[in-house]
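Engineer: Please arrange chain B on chain A, whose structure you already have, making use of the hints.
Going down the list, the protein sequences come from chains A and B.
Residue numbering for the first sequence follows our numbering, starting at 715 and increasing by one per position.
Residue numbering for the second sequence follows our numbering, starting at 175 and increasing by one per position.
To be clear, the hints were calculated from the coordinates, so they are not data collected in a lab.
List of simulated lysine to aspartate or glutamate pairs, EDC-like, C-alpha gap at most 16 Å:
{"id": "1", "chain 1": "B", "residue 1": "587", "chain 2": "A", "residue 2": "782"}
{"id": "2", "chain 1": "B", "residue 1": "587", "chain 2": "A", "residue 2": "891"}
{"id": "3", "chain 1": "A", "residue 1": "890", "chain 2": "A", "residue 2": "912"}
{"id": "4", "chain 1": "B", "residue 1": "587", "chain 2": "A", "residue 2": "911"}
{"id": "5", "chain 1": "B", "residue 1": "369", "chain 2": "B", "residue 2": "345"}
Ranges of calculated distance between the beta carbons of each label pair, as one might list FRET restraints:
{"id": "6", "chain 1": "B", "residue 1": "280", "chain 2": "A", "residue 2": "743", "range": "35 to 41 Å"}
{"id": "7", "chain 1": "B", "residue 1": "369", "chain 2": "A", "residue 2": "894", "range": "25 to 31 Å"}
{"id": "8", "chain 1": "A", "residue 1": "855", "chain 2": "B", "residue 2": "654", "range": "21 to 27 Å"}
If you want the footprint, here are the derived chain B segments under chain A, 3+ residues with CB under 8 Å:
{"id": "9", "stretch": "357–364"}
{"id": "10", "stretch": "401–410"}
{"id": "11", "stretch": "527–539"}
{"id": "12", "stretch": "586–594"}
Cβ atoms here follow ideal geometry from the backbone N, Cα and C, with glycine treated the same way.
Next come the chains, spelled out residue by residue.
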Amino acid sequence: MNRRELMQCVVVLAGCANSGSLRAALSDEQRQFLLDSPSYIDREIGYLSPVRRKIIAAMAETIIPRTDTPGAIDAGVPRYIELMAAQWLNDRERAIFEAGIADMETRIPREFGKPFHELAAEQQRAILEDMESAAGDSTWYELGNVARTFISDAPFICQVKELTVFGFFTSEVGSKEVLRYDPMPMHFDGDLPLGRDDSSWALMMLINRG
Amino acid sequence: MAESQNPDFDAIVVGSGVTGGMAAKELTERGLKVLVLERGRQLRHGSDYLGEHAPPWHLPHHGKPLRELYADQYAVQSRNYAFSEQNRPFWNNDRDNPYATDEGKPFRWYRSDVVGGRSLLWGRQSYRYSEQDFAANAQDGHGIPWPVNYGDIAPWYSHVEKFIGVNGRREGLAQLPDGEFQQPMPWFALEETIKARLAKKAPDVTLTNSRIAVLTEDLPGRAACHYCGPCHNGCSTGSYFSSQSSTLPAASATGNLTLLPDSVVTRLEYDPATRRVSKVLVTSVTGEQRAYSAKVVFLCAGTIASTQLLLHSTSSAFPDGLANSSGVLGHYLMDHPLGLAGMGVFLDNMESYYRGYRPNGLYIPRFRNVGGQDRDADFVRGYGFQTMTFRRDWSMSFNSRGIGAQYKEAMRKPGFWLFALAQFVECLPRKSNRMYLSSRKDRFGVPQVVFDMQWSDNERALWDDAFVQAQRILRAAGAVVSIEGPREMSTPGEGIHEMGTARMGDDPRESVLNGYNQAHDVPNLFVTDGSFQTSASCVNPVLTLLAFTARASDYAATQLAGGHI
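For reference, chain A alone in the conformation it holds in the complex (with noise of 0.2 Å):
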C-alpha cells in the first residue's frame, strides 16, 4: 500500500465506509471490521426508563453546553452514558449511579417542583455545581487523578461527568466538531501557530487509559 492509498483508506476510516471507490482501498479483513463496528452509540440500548434517560441527557448538555459548537446532546453522549453504565461500569459502580439517578429523579422535584430536565438551564447548573461542591472531598478531583481507568468510589457527579466528557470528547461530533481531527497528518510540524480560539487536536495518546 502506498501512502496514497493509505490515505483513501483513513478517509474512509473515518467515517465513509461505503462511499464506492474508496472502499477499495481497505483489505477485506479492515472493510469487514469496520462494517461490524458501527459507532458505539449507534447500538439498542434499553437501560434506563424514559424519565431517566431525559435526565443524564439534561445533566450531560448542562455539563458540556451546545454553544457555538455542539453539546453533548448532538454528540450522543447521553447514549454513551446510557451503554456505559449499563455495559460496563462494574456493580459497585452501577449501585452508585443508579442511587444517583433515583435521587435525582425524586429529589429534584420535590425542591424545586420541576424534575430536573424541565428546570430553567441556569438552575440545571446551579444544582449540578452544588452537587461538585458536595462531592468536593472525593479523590477524583485530586490533581493530575487522571491516567487510570475508572475511580470506582467516584460519586454519581463524578461519574456522570466523567463519562460525559470522555463520551464527548471521543465522539464523532466531538472529535471533529468541536476538537480537531487529523487523524493522518503525514507531517509533523512543531511549530504551529495557535489562534486564540483552536481547539486541541483529537485523538491524543491518553484517551484510552483516560
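Structural biologist: Okay, now just chain B, sitting in the frame of chain A:
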C-alpha cells in the same frame, strides 16, 4: 544416520520477533533453507492490523479497558503502556500461558503471541552500545568481560540500521555512537527553547532526537511515517521496523523461508555422539506433535522463552539444561529500571502548537560516569533519559471543577506545556537474579518459568541520582513548576528489556555462548535474543540484538559452508 545427513532444513529459527526475523533474513539471503517456528498465531502484515486507525467512536466503550476480561485473561499484559483494545489480539493471554514468581519478588513478563512477536509492539528506540559499555565489565569487575568490542560490532550496527531505518541526529558523543541515520524528526518549538537553555545552564547534558526505527524516508516496500500516533496498533505502511514489515518479507522473497505459526517448541534433543542439537520438538496449539531437524538452530524466542527451552532440554550429557556446563544458564537476569524522574510545567512558546503525532520524544544520553568515575557518584555506570513533550488537554484535566460553557471551553483548548524525563537505568549482572523452572507445567507440558529478581544497591543509587539530576535539568530548562515522579522503583520486567540469562564470554566455564552467539558446548546452537547480553548498558537493547543476530547469522553460514558445523 540418514536423518543427520539429510536434515529437514539448513537452519531452524525459533521465534519470529525482532531477532528471529533478522536471523531468517540473513540466513535465507545466504542461501540457507530456513524454518521459522512461531508459537503465536498467524497475523498478516497490514490487513490484520484491524485496530489500526480505528477512531475511538467505532470501538466498544470508545476503547475503555474491558476490566473483567483483562483481570481474567490479561492480568500482566494489560499493565503495559502499549496495551489497548486496538491491539489486544497481539498479546499473550496470561490465563492460558501463565508464569510464576517467587513470593515477594514480582516480575512482569510482557509477551506477544502472534507472528512478528514484540517487534509489533516495541518502543522503537534504537541505540548503539558504546566502547565504554563493552568495556564496563572488564573495568569495574561486575560480571565477566564481553568477548566482543565496539569495533567488532560497529559494521553490523551499520548493516542493520540501513535496513531497518533509524532516524536520528549525529552528535559525536563517545557514550552514544552515531549511526547510519535517516533525516531526524523535527522538534517542538518548546524543545528548541529548552535545548538553548540547557546549552547555557547545563552544558554537560545533551538533548538530542531519540533515535527510533521509524522511517522519515521511504525504503523499498515501506513508506515514511504518516504521524498518526499509536505505532503499536500496527502499521500497514511498514513505517516502523517490525519483522512483519521488514525482515520476514525479505526472507520470504528469497524463496528459502518456511514459517510455521501455532508451533510451540517444547524441547531440543541433543545427540552426544555428534555434540549437536539433533531435533527440535514442536507441539501445535491443537496438540499435534512433530520433530524437525536442521544443521543449525537459532534460538530467538526472547530471553525468557529461549532460556526456558534450554533449561528444559536436559539430557544425561546436560542434566542442568542444554549447553549449561558452566551452570550460569538462567542467572544474571537483567532489565532496565525505568520511571518518571521528573516533569516540568512550561509557559514558553504558548502561541506555538503542533500538527502530527510524533511517535517519540527526545533523548538525553548518559552523562554520569562518562569516560571515568564522577567524584560525586556513589555508583558505577549510568542512565539515560527519554523525554516526552506534550500540551495539556482535556484528557489530562477533565477532573477539574466546573459545569457548563466555561468548563467546555477550558476542556476544548490546549493548556500549558509539559516536559517529562523518564530514566532508563543500567542494571548490573548479578548471579542471584535468575529465572528457573517450576514443577508446574503449562498446557504444552513445558515447566513454567519462575522469576527471582531484585534490584541491587547500585541500581537504587542510580535511580536516586536520576531524580536529583532531573530536577537540575528541569530548572535549567526553565520549568515554572517541576514535580518528581514516584520514587518507588519499577517492578523487574517492566523495562521489557530482559537480558543476560545465557551470557556470552570467552571462558566456557562462566558463559554459555562465545562471541558469535554460538553455544560453547553445542556448536550448531546459536542464541541471539537478549539472553546473550553480558551487560545491560543503559540504552535500549534491540539495535544491539539485531546487530549481533546479523553477525551470528553470517558466522553460522560461513562455518556451515566451511564444514565446521
